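From first to last, the protein sequence lines stand for chains A and B. Using the working numbering, the final residue of the first sequence is 262, and nothing's skipped along the way. Using the working numbering, the final residue of the second sequence is 307, and nothing's skipped along the way.
Treat the hints with care, since some could be wrong.
Reference listing, derived: stretches of chain A covered by chain B, where coverage requires no fewer than 3 residues with Cβ under 8 Å from a Cβ of chain B [unchecked claim]:
(1) 9-23
(2) 101-108
Taking beta-carbon pairs under 8 Å as the criterion, some of the chain B residues facing chain A (in silico) [stated by the list, open to error]:
(3) 56
(4) 59
(5) 75
(6) 85
(7) 91
(8) 216
Interface residues of chain B toward chain A, partial, derived using beta-carbon atoms under 8 Å [unchecked claim]:
(9) 76
(10) 79
(11) 92
(12) 105
(13) 106
(14) 152
Keep in mind the hints are simulated off the structure, nothing from the lab. The model shown is predicted, which means the values in this text are computed figures rather than measured ones. Quick reminder that beta carbons are idealized off the backbone N, C-alpha and C, glycines included.
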Amino acid sequence: MSAFRSAFWAELLKARRSRLFLLTLVALSIVPVTGGLFMFILQDPGRALAMGLITAKAQMIAGTADWPTFFQVILLGIAIGGAIVFAFIATWVFGREFADRTAKELLALPVQRHTIVAAKFALIAIWILTVILVVFVIALAVGMVVDLPGWSAQLALSSLGSLMSVAVLTYLLIPAVALVASAGRGYLPPLAWAVLTIVLAQIAGITGWGGWFPWYVPALFASLGEPRLQAVPLHSYVVVLVAFIAGAAGTLAWWRSADHTR
Amino acid sequence: MSGTYAIETTGLSKAYGRVLAVDSVSLQVVPGEIYGFVGLNGAGKTTTIRALLGMIRPTAGSVRMLGHAVTPGARGPWHRVGHLVEKPAAYPELTVRENLEIARRLHAVSSAHAVSRVVERMGLTSEADRRAGVLSTGNLQRLALARALLHEPELLILDEPANGLDPAGVVEIRQLLVALARDQGVTVFMSSHILPEVGRLATRVGIIHKGRLLEEFDARRLEEVQALRLEVETRDLRAAAAVLTEAGYAVSWQSGEGEIVLREPRAVNAPDEVATLLVNKGTAPMRLAVVHEDLEAHFLRLTGGTQ
Chain A
1 MSAFRSAFWA
11 ELLKARRSRL
21 FLLTLVALSI
31 VPVTGGLFMF
41 ILQDPGRALA
51 MGLITAKAQM
61 IAGTADWPTF
71 FQVILLGIAI
81 GGAIVFAFIA
91 TWVFGREFAD
101 RTAKELLALP
111 VQRHTIVAAK
121 FALIAIWILT
131 VILVVFVIAL
141 AVGMVVDLPG
151 WSAQLALSSL
161 GSLMSVAVLT
171 YLLIPAVALV
181 ASAGRGYLPP
191 LAWAVLTIVL
201 AQIAGITGWG
211 GWFPWYVPAL
221 FASLGEPRLQ
231 AVPLHSYVVV
241 LVAFIAGAAG
251 TLAWWRSADH
261 TR
Chain B
1 MSGTYAIETT
11 GLSKAYGRVL
21 AVDSVSLQVV
31 PGEIYGFVGL
41 NGAGKTTTIR
51 ALLGMIRPTA
61 GSVRMLGHAV
71 TPGARGPWHR
81 VGHLVEKPAA
91 YPELTVRENL
101 EIARRLHAVS
111 SAHAVSRVVE
121 RMGLTSEADR
131 RAGVLSTGNL
141 QRLALARALL
151 HEPELLILDE
161 PANGLDPAGV
171 VEIRQLLVAL
181 ARDQGVTVFM
191 SSHILPEVGR
201 LATRVGIIHK
211 GRLLEEFDAR
221 RLEEVQALRL
231 EVETRDLRAA
241 AAVLTEAGYA
251 VSWQSGEGEI
261 VLREPRAVNA
271 PDEVATLLVN
281 KGTAPMRLAV
291 VHEDLEAHFL
301 RLTGGTQ
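Only chain A is shown next, with the shape it has when bound in the complex (with noise of 0.2 Å):
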C-alpha cells in the first residue's frame, strides 16, 4: 500500500502541475454553459433574438426549457464531449512519460510497474471523477441563472447518477488508450485511437450495431429514457467490460514485459 501510495502521490503531483487539469475542467464545462444556452434560447425564442444570440426566430432544439431537459442534454453532451476529454487525460497521464522519455526513471524503482500502472488509472478516475462533480456543480447554477422549471432533488440526484455512469463506462474504454499510449510512446497514437473510435461508434450507431460497440455504449446510454440501467442491453455492458480487461491486461503486460528502449 506504501508503494502505491508514493506512485500515487507521484502521480498527482504531475496532474497538479500540469495545465491540462484546467483545461478538462474548462473544456467539459462548456457543456452545461451551452446547454444553459440553449435553455434560455428555448424559453423564448424572440427575446433570444431580440438579445442577438441567434439571427432567426426558430424552434431551434426539439424539447422544453426545463430541468429534465437541461440534465438529458448535458448527459449527452459529456458522452460525447467525455470520449474525447478523458481521452486527452489518458493520452497525457501515460503518453507524457515516453514523450518527456522519463519512462525509463519508472521501470527499474523498488515501487514495481504494475503499481506505477495502478496508480495512473487511480489518478485518472479521481481527475474524471472531479471533473464531473464540477461541470455538475456548474450545471446546477446554470439552471439556476436561467431559472428553469421542473427541479426536484430526486431528478437532481438521478441525473448526477446518469452522469456518473456514463462517467464509468467512459472511464472502462480509457485503458485501451493508455496501452495504445504505452505501445505507441507518445501522444499521437491515442490521439488518432480516439478520434478513430469515436469514427467507428458514430458508424456503429448509425448501422444499428451501437450495442455489440463498446465506444458507442456511453452515448447509447445517455440517449435512452429512465430507468437508463436497465434500458441498456446486457451485452452493451459486457462489451465495455471486455475493452476494459483486455485494455488494462494489456496496458499491465505491456509496461512489464515489452522492450523499452525508450
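Following the hints, put chain B in place on chain A, whose structure we already have.
Using the frame of chain A, we list chain B on its own:
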C-alpha cells in the same frame, strides 16, 4: 561464483529483428570496482545497460545483479541500484526538488533531508526551485545523477555520466565517483565513448564493439594496450616516405593523407633517429609526434581494420 559479483552477465545477447545489438557479452564486475564500459556510438553500450536494468528482454543469456537474477518487470535489487540511462530526463513542469522528491518516495527513502543533501552534493542548490524544463543540459545531467545517488545505492550504473557537463563538471563527477568507490565501497559501472576519460577513473575497462565485448583489462594497463605510433609531417611526404622506406622502416602512408605513420618499436622508441635521417636526406620534419592511438584506431586494430 554467482553472488560474489555486483554484476554478472552470461552470454547476454539482444537482437532487434536481424540486427544483433549485443552479442554474447559475458562480463563480471567485482564489488567496489569502477568498471569503464567503452565503445563507439552504436556499439551496444546502452542496450547492455538497459538489459542490466531489466528494461529490455535479452534474446539470449542472463543477467545477475547483486545476487539477484534480473528479468523484465520482476522484483530486482533496485533499492540498492542507482542508474542513469541515455539522455537525462525529468518532468519539465516540476522543479528540481520536486523531481527528486518523486524519486525519494519511489525509492522509499524515509529521510526527508535526502533531497536537500543530494541537491547540495550535486551543486544544484541555486537551481533547486527552478523548473526542470528550463535547466541547461549540464544541470539536467546533474539532476539525473542526483536522482541516481539519492538513495545512496551500493551499485551505480551510469550511461555516459559526463555527457553535457563542462570540463570542471567532468572533473567534479570523476572525483565524486572515485570517492564513492574508495570511501563507501560503491560499485560503479559506467559507459563512455571516450577511452582516456575512462582511463582516468576506471579500475577495469571493457571494450565493446558491434555488440561484442572485445577485451577487458586492468585500467593500469590502459597505456600498454593502446599502441603507440610515430606521426611524421614533412613538406614533401612522398620524398620522406621514400627515404624512410629505403632505410627499412615500414611506412604507412597514402597519397592524400597529411602525415606518415610509423608503428614499429624501432621508430616509436627512437624518433630522434627518424628525425636525423630525414634532416640528412633533405626532407626535414615539420612535426614529429609519438602518440597513443585513439579509441577508433584501437578498434580498427582489434577488429582487423573493419569498422
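Structure-based check of all given hints:
As drawn, the region 9-23 of chain A meets chain B at 6 residues by the rule of a beta-carbon pair under 8 Å; at three or more, the given contact holds. Counting residues of the region 101-108 of chain A whose CB falls under 8 Å from any CB of chain B gives 7; the rule of at least 3 is met. A hinted interface residue such as residue 56 of chain B counts as satisfied when its beta carbon comes closer than 8 Å to some beta carbon of chain A; here the least separation is about 4 Å, so the hint holds. Because the closest C-beta pair between residue 59 of chain B and chain A is about 10 Å apart, greater than 8 Å, the hint is violated.
With a least beta-carbon distance of about 7 Å to chain A, the hint placing residue 75 of chain B at the interface is held under the 8 Å criterion. At its closest, the beta carbon of residue 85 of chain B sits 5 Å from a beta carbon of chain A; the interface hint therefore holds under the 8 Å criterion. Hint status for residue 91 of chain B relative to chain A: holds, with the closest Cβ pair at about 6 Å, below 8 Å. Using the Cβ-Cβ criterion of 8 Å, the hint placing residue 216 of chain B at the interface with chain A is not satisfied: the shortest such distance is roughly 24 Å.
Taking 8 Å as the C-beta cut-off, the interface hint given for residue 76 of chain B holds, the closest approach to chain A being about 7 Å. Taking 8 Å as the C-beta contact cut-off toward chain A, the hint placing residue 79 of chain B at the interface holds, the least distance being around 4 Å. For residue 92 of chain B, the interface hint holds, since its Cβ comes within 8 Å of a Cβ in chain A; the closest pair sits about 6 Å apart. A least Cβ separation of about 4 Å between residue 105 of chain B and chain A falls short of the 8 Å threshold, and the interface hint therefore holds.
Evaluation of the residue 106 of chain B hint against chain A yields a held restraint, the C-beta minimum of about 5 Å falling below 8 Å. Look at residue 152 of chain B: its Cβ only gets to about 14 Å from chain A, farther than 8 Å, so that hint breaks.
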